[in-house]
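Position chain F against the provided structure of chain W, taking the given hints into account.
2 protein chains.
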Amino acid sequence: MKAAVVLLSGGLDSATTLAVARAEGYACHALSFAYGQRHKAELDAADAVAAQLRAVEHRLMPIDLGAFGGSALTDTSIAVPESPTDGIPVTYVPARNTVFLALALAWSEVLGARDIFIGVNAVDYSGYPDCRPAFISAFETLANLATKVGVEAAADAAGAASRIRIHTPLIDLSKAKIIRRGLDLGVDYAVTVSCYQPDDGGAACGRCDSCRLRRQGFDEAGVADPTRYL
Amino acid sequence: MKAAVVLLSGGLDSATTLAVARAEGYACHALSFAYGQRHKAELDAADAVAAQLRAVEHRLMPIDLGAFGGSALTDTSIAVPESPTDGIPVTYVPARNTVFLALALAWSEVLGARDIFIGVNAVDYSGYPDCRPAFISAFETLANLATKVGVEAAADAAGAASRIRIHTPLIDLSKAKIIRRGLDLGVDYAVTVSCYQPDDGGAACGRCDSCRLRRQGFDEAGVADPTRYL
Numbered sequence: 024m025k026a027a028v029v030l031l032s033g034g035l036d037s038a039t040t041l042a043v044a045r046a047e048g049y050a051c052h053a054l055s056f057a058y059g060q061r062h063k064a065e066l067d068a069a070d071a072v073a074a075q076l077r078a079v080e081h082r083l084m085p086i087d088l089g090a091f092g093g094s095a096l097t098d099t100s101i102a103v104p105e106s107p108t109d110g111i112p113v114t115y116v117p118a119r120n121t122v123f124l125a126l127a128l129a130w131s132e133v134l135g136a137r138d139i140f141i142g143v144n145a146v147d148y149s150g151y152p153d154c155r156p157a158f159i160s161a162f163e164t165l166a167n168l169a170t171k172v173g174v175e176a177a178a179d180a181a182g183a184a185s186r187i188r189i190h191t192p193l194i195d196l197s198k199a200k201i202i203r204r205g206l207d208l209g210v211d212y213a214v215t216v217s218c219y220q221p222d223d224g225g226a227a228c229g230r231c232d233s234c235r236l237r238r239q240g241f242d243e244a245g246v247a248d249p250t251r252y253l
Numbered sequence: 024m025k026a027a028v029v030l031l032s033g034g035l036d037s038a039t040t041l042a043v044a045r046a047e048g049y050a051c052h053a054l055s056f057a058y059g060q061r062h063k064a065e066l067d068a069a070d071a072v073a074a075q076l077r078a079v080e081h082r083l084m085p086i087d088l089g090a091f092g093g094s095a096l097t098d099t100s101i102a103v104p105e106s107p108t109d110g111i112p113v114t115y116v117p118a119r120n121t122v123f124l125a126l127a128l129a130w131s132e133v134l135g136a137r138d139i140f141i142g143v144n145a146v147d148y149s150g151y152p153d154c155r156p157a158f159i160s161a162f163e164t165l166a167n168l169a170t171k172v173g174v175e176a177a178a179d180a181a182g183a184a185s186r187i188r189i190h191t192p193l194i195d196l197s198k199a200k201i202i203r204r205g206l207d208l209g210v211d212y213a214v215t216v217s218c219y220q221p222d223d224g225g226a227a228c229g230r231c232d233s234c235r236l237r238r239q240g241f242d243e244a245g246v247a248d249p250t251r252y253l
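Chains as they are written, first to last, in the numbering used here: chain W, 24 to 253; chain F, 24 to 253.
In isolation and in its complexed conformation, chain W is listed as follows (with noise of 0.2 angstroms):
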């Protein structure tokens, strides 16, 4: 089995990406971060997704972005909004999949992968700038251009050397499509936590932009909503 880091945050869209990953056949270390969120309870269910999908590791790495503040999710004097809002959100963390991605590469170079999974979308989701197509290939070239591997792959004229990519199963997904192809592969959807301001159960709000979005998708995807809300 090939090995591939993939990035696991505990919500319903990272799981999934574990769960495609797996699928593919990769031998999968799952990559979390105590990064200042709000909350503690999507770090739960990551652990409760790793266990759940047959992670073969599964790191949790403190990366206190809080000290920086600036967005509504490491910053509690900043509201999350619990209605749609115009533009990028304030719940936007500032380069926060930059940072993410930086990690998951350094952490890939060092077990000798080539494969990263991050279940960015850019269908059902917040107007992130950090997850559009756009970006991923952008980090897809640097990462190609920052590391040993990169470099040792651009030399090998034979090609036998693979590249590193940055896989996105679920960019071009609807948050229902999402959920029918978790459900296809065994995903317990009611384990993983979305909301930006769960209780310290993992009981969800309802009502914020990541609730909303998860909540239609199980609409439209026309299956029983497992979150437990507040």
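Each hint should be verified, as a subset may be incorrect.
For identical chains, the list gives no copy identity; a pair is met inside one copy or between any two copies.
Derived SDA-like pairs (lysine to any residue); straight-line CA-CA distance at most 25 angstroms [to be verified]:
hint : residue 1 : residue 2
1    : K63       : R230
2    : K25       : V146
3    : K63       : H81
4    : K171      : A90
5    : K171      : P104
6    : K200      : Q75
7    : K171      : A102
8    : K171      : T99
9    : K171      : G150
10   : K63       : P85
11   : K63       : S160
12   : K63       : A90
13   : K63       : D87
These are computed hints drawn from the structure, not numbers from a lab. None of the values given here were measured: they were computed from a predicted structure.
Relative to the frame of chain W, chain F by itself:
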């Protein structure tokens, strides 16, 4: 004064970079990392340099790249080489500059800064892939796709909103030229630490790749080497 984030390791190159950024009129927010390096002497040096060159602020962020391992600089079971090696040396830290620039980007966006300085050099350097102009250029492209600031600049047809820029004032300079430039700007190289394995007080080994390049630089610049050697 416009704000800039300046990556500061405590070595000769980043000290010079901070001096250049200040001379160009930026209010400099210096950023250092406790990333699992073998020694703390370079962080003490970074503190001294930030104070001497009047950074408006100096942040030290812990980020445990040592947890991943894979480099002589973060894993004490891998020896630091004391003679030049072919290819990319074992002192390469996987994806280090990608991680550092990603975090600088996160902070700069919160600060409202559009300018990031990094003291990479592609002349007298150790052959790390993430010091090359192509890497920096790819990161700048990424930064403008990754962020709210970048999206706003791209959407602003009048060009009033600035793009994010990654400044590398040393990239084409020999070590001797870097030293002359720094001396012109008042850098006190006695407080900087470039050695990969200094003692606790910051005295340099004089034998590693970094010491060798630094010593040659002072020789070629024709100035006295203020480094304290063991």
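Quick rundown of the hints versus the structure:
{"no.": "1", "hint": "K63 - R230", "result": "within (19 angstroms within a copy, 47 angstroms between copies)"}
{"no.": "2", "hint": "K25 - V146", "result": "neither (29 angstroms within a copy, 37 angstroms between copies)"}
{"no.": "3", "hint": "K63 - H81", "result": "within (16 angstroms within a copy, 29 angstroms between copies)"}
{"no.": "4", "hint": "K171 - A90", "result": "between (31 angstroms within a copy, 19 angstroms between copies)"}
{"no.": "5", "hint": "K171 - P104", "result": "between (43 angstroms within a copy, 18 angstroms between copies)"}
{"no.": "6", "hint": "K200 - Q75", "result": "within (21 angstroms within a copy, 57 angstroms between copies)"}
{"no.": "7", "hint": "K171 - A102", "result": "between (43 angstroms within a copy, 19 angstroms between copies)"}
{"no.": "8", "hint": "K171 - T99", "result": "between (40 angstroms within a copy, 20 angstroms between copies)"}
{"no.": "9", "hint": "K171 - G150", "result": "between (33 angstroms within a copy, 10 angstroms between copies)"}
{"no.": "10", "hint": "K63 - P85", "result": "both (12 angstroms within a copy, 20 angstroms between copies)"}
{"no.": "11", "hint": "K63 - S160", "result": "neither (31 angstroms within a copy, 37 angstroms between copies)"}
{"no.": "12", "hint": "K63 - A90", "result": "both (17 angstroms within a copy, 21 angstroms between copies)"}
{"no.": "13", "hint": "K63 - D87", "result": "both (14 angstroms within a copy, 20 angstroms between copies)"}
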